[in-house]
Amino acid sequence: MRYTQSYLPTRKEDPADAEVISHKLLLRGGFIRQVGAGIYSFLPLGWRVVRKVEQIVRQEMDRAGAQEVMLPAVQPASLWEESGRWTKYGPELLRFNDRKGNPYCLGPTHEEVIIGLVRDELRSYKQLPVILYQIQVKFRDEVRPRAGLMRAREFTMKDAYSFDRDEAGAIESYRRMFDTYNRIFARCGFTFRPVEADTGSIGGSMSHEFQVLADTGEDAIVSCPACSYTANVELAQLAGVPPRPTSGTAERTRVETPRMRTVEQVTGFLGVGADRLVKTLIYMVDEQPVAILVRGDTEANEIKIKRALDAVEVRMAEEEEVIKVTSAPVGFAGPVGLTIPIHADSLVAAMTDFVVGANEEDAHLTGCNWGRDFQVDSFVDVRMARPGDPCGRCGAAFEGYKGIEVGHVFYLGTRYSGPMKATFLDADGEARPFVMGCYGIGITRIVSAAIEQNHDERGIIWPMALAPYQVLVLPVQYQDEAVLAAAGQLHDELEAVGIEVLLDDRDERPGFKFNDADLIGIPLRVTVSTRGLKADQVEIKLRGSDQAEMVPLRQAVSEIGERVRRMMPDR
RNA sequence: CGGGGCGUGGCGCAGCCUGGUAGCGCGCCUGCUUCGGGAGCAGGAGGUCGUAGGUUCAAAUCCUAUCGCCCCGACCA
Numbered sequence: 177m178r179y180t181q182s183y184l185p186t187r188k189e190d191p192a193d194a195e196v197i198s199h200k201l202l203l204r205g206g207f208i209r210q211v212g213a214g215i216y217s218f219l220p221l222g223w224r225v226v227r228k229v230e231q232i233v234r235q236e237m238d239r240a241g242a243q244e245v246m247l248p249a250v251q252p253a254s255l256w257e258e259s260g261r262w263t264k265y266g267p268e269l270l271r272f273n274d275r276k277g278n279p280y281c282l283g284p285t286h287e288e289v290i291i292g293l294v295r296d297e298l299r300s301y302k303q304l305p306v307i308l309y310q311i312q313v314k315f316r317d318e319v320r321p322r323a324g325l326m327r328a329r330e331f332t333m334k335d336a337y338s339f340d341r342d343e344a345g346a347i348e349s350y351r352r353m354f355d356t357y358n359r360i361f362a363r364c365g366f367t368f369r370p371v372e373a374d375t376g377s378i379g380g381s382m383s384h385e386f387q388v389l390a391d392t393g394e395d396a397i398v399s400c401p402a403c404s405y406t407a408n409v410e411l412a413q414l415a416g417v418p419p420r421p422t423s424g425t426a427e428r429t430r431v432e433t434p435r436m437r438t439v440e441q442v443t444g445f446l447g448v449g450a451d452r453l454v455k456t457l458i459y460m461v462d463e464q465p466v467a468i469l470v471r472g473d474t475e476a477n478e479i480k481i482k483r484a485l486d487a488v489e490v491r492m493a494e495e496e497e498v499i500k501v502t503s504a505p506v507g508f509a510g511p512v513g514l515t516i517p518i519h520a521d522s523l524v525a526a527m528t529d530f531v532v533g534a535n536e537e538d539a540h541l542t543g544c545n546w547g548r549d550f551q552v553d554s555f556v557d558v559r560m561a562r563p564g565d566p567c568g569r570c571g572a573a574f575e576g577y578k579g580i581e582v583g584h585v586f587y588l589g590t591r592y593s594g595p596m597k598a599t600f601l602d603a604d605g606e607a608r609p610f611v612m613g614c615y616g617i618g619i620t621r622i623v624s625a626a627i628e629q630n631h632d633e634r635g636i637i638w639p640m641a642l643a644p645y646q647v648l649v650l651p652v653q654y655q656d657e658a659v660l661a662a663a664g665q666l667h668d669e670l671e672a673v674g675i676e677v678l679l680d681d682r683d684e685r686p687g688f689k690f691n692d693a694d695l696i697g698i699p700l701r702v703t704v705s706t707r708g709l710k711a712d713q714v715e716i717k718l719r720g721s722d723q724a725e726m727v728p729l730r731q732a733v734s735e736i737g738e739r740v741r742r743m744m745p746d747r
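Take 177 as the starting number for the first sequence in this note's numbering and just add one per residue.
To be clear, the hints were calculated from the coordinates, so they are not data collected in a lab. Remember, predicted model here, so these are calculated numbers, not experimental data. There may be inaccurate statements among the hints.
Said to hold, decoys possible - Below, in silico cross-link-like pairs of lysine-lysine (BS3-like), each with a Cα-Cα straight-line distance of 27 Å or less:
{"#": "1", "residue 1": "Lys-578", "residue 2": "Lys-597"}
{"#": "2", "residue 1": "Lys-717", "residue 2": "Lys-188"}
{"#": "3", "residue 1": "Lys-578", "residue 2": "Lys-200"}
{"#": "4", "residue 1": "Lys-482", "residue 2": "Lys-264"}
{"#": "5", "residue 1": "Lys-578", "residue 2": "Lys-482"}
{"#": "6", "residue 1": "Lys-717", "residue 2": "Lys-200"}
{"#": "7", "residue 1": "Lys-302", "residue 2": "Lys-597"}
{"#": "8", "residue 1": "Lys-276", "residue 2": "Lys-302"}
{"#": "9", "residue 1": "Lys-276", "residue 2": "Lys-264"}
{"#": "10", "residue 1": "Lys-500", "residue 2": "Lys-264"}
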């Protein structure tokens, strides 16, 4: 491709609307342009990258035996009513009516459609297992789209669905997809981690997120350096402290704490550390009030509470509910004298002579001890994991990372196939619902994640596998016809051997071209100059390195081809 | 949804408080010079100041409404 024939508008200045680096560079490099909040057009360069990602995903999905389909973006409400999500899915689901007034939505995901498709065609266990996937534009009316492609409303996603006759088969499909995802993200050149994740509203018992490690990531994860257990902080299991009888000796004392509601206020007022205070949080667990105790410097985690208490629904109690249970306004709850179940985080087991709320306005109790001043129904792991916390598997200290979620695999079971009556006949002649799994990859998010992980102050440094072009040929002296001719010929020859090459044939000064080259981040740069040609040489430089080397012009094509191949992860 | 900010040539911004002829940098066009890290000089094109209404002799500027966009938080298969 010749630069002068391409649509590749770069910009020198940072766009006003962008904050995160990938957003800035995508805009500046002429990869995308914003059309509306969370809605983008892809320009030629950006679209080439998207297609690179798609191809890797396709190849690996096909290799795993999955088959590609294409489902509609617009979906009738009736299908969603079957699964019950028409009313359950919040305002994120963009709903609208057609000319006849019938309700439709823009698909944020495709479980309903795929089940609608499959239940009519897959009738026998002999046809199973099946894994279907598609690469599709999805629309989720996000409350707050942000950071360019990282959290857009319209985005491209690969979604896959597996159908098995039983749990064992479904787990096998899940494992196969898990392995496939590892291959995909490795080929994309990512430093990433599969992490155990919350199943969220989707339910099911097994779920992993694939997190690209980047400081700008939205998700917090912890990883154990000893046993490599890795999980989202919302889920990471922590080693407990065995509860033992209190050795506290202090006397329980009521102290006045006027208007001191928060941990900071109380500890500041009393002059003690937050780790000397026990927070008493009132949760409604399946509509029953429960007290959760956590150390003052830690955070309670609803997902873990739900899990620990085997509950269906957990929410913070409303103000009136707190008053009813503790007979004190919010901010003064404490375990002493409570009649509701009390569950304490395992860290509380190791505490003595601590501070709690007095269940009375403007008062706290100091010198409290569990077992002596109140009883704890159980010690559980209900706090948010943090770096330094002990790993639940081996006890070593967790390391903390920030991650960008680029993929997510779920074991679904019969959660959708059941209600939607998607069944097949098993060998014994019984109709059974498919045991399903679903597997998503954020294609367009991968594009920005790749930049977050691979850039410097000058611009993008594409991994070879995702680069819009593999090679950039840059003639330095435009007025030197020999240079132009050699660069043109090199371009043609590289193209002829199947290398994706961009020739910067613009009549611009060298510095201008070099800066654009660094911005758009094509991994291999070939500089053709008067000086070099005198020695029958061209210069080769990797975008990620600051060392250039001269190679003989005659060997340039084979040398470049070799470099490109070497930089492509196995396929 | 709560909090904050911004809409002025293609891009980035000033002007608004204190109403009076719309300005700067980049980019774009023409010419000459220049040519290995975002060149110089000269000339030039391009703007209903987000939209609607109001106040005023006069509105980018003041008032009201409305639309859009960004950031923080809450939210999130």
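Tested hints:
1. Lys-578 with Lys-597: Not satisfied, since the Cα-Cα distance of roughly 40 Å exceeds 27 Å.
2. Lys-717 with Lys-188: 23 Å, holds
3. Lys-578 with Lys-200: 20 Å, holds
4. Lys-482 with Lys-264: At roughly 20 Å apart (the allowed maximum being 27 Å), Lys-264 and Lys-482 satisfy the hint.
5. Lys-578 with Lys-482: This hinted pair holds, its Cα atoms lying about 24 Å apart.
6. Lys-717 with Lys-200: Distance ~25 Å between Lys-717 and Lys-200 Cα, so the pair holds.
7. Lys-302 with Lys-597: 19 Å, holds
8. Lys-276 with Lys-302: At roughly 41 Å apart (the allowed maximum being 27 Å), Lys-302 and Lys-276 break the hint.
9. Lys-276 with Lys-264: 24 Å, holds
10. Lys-500 with Lys-264: 30 Å, violated
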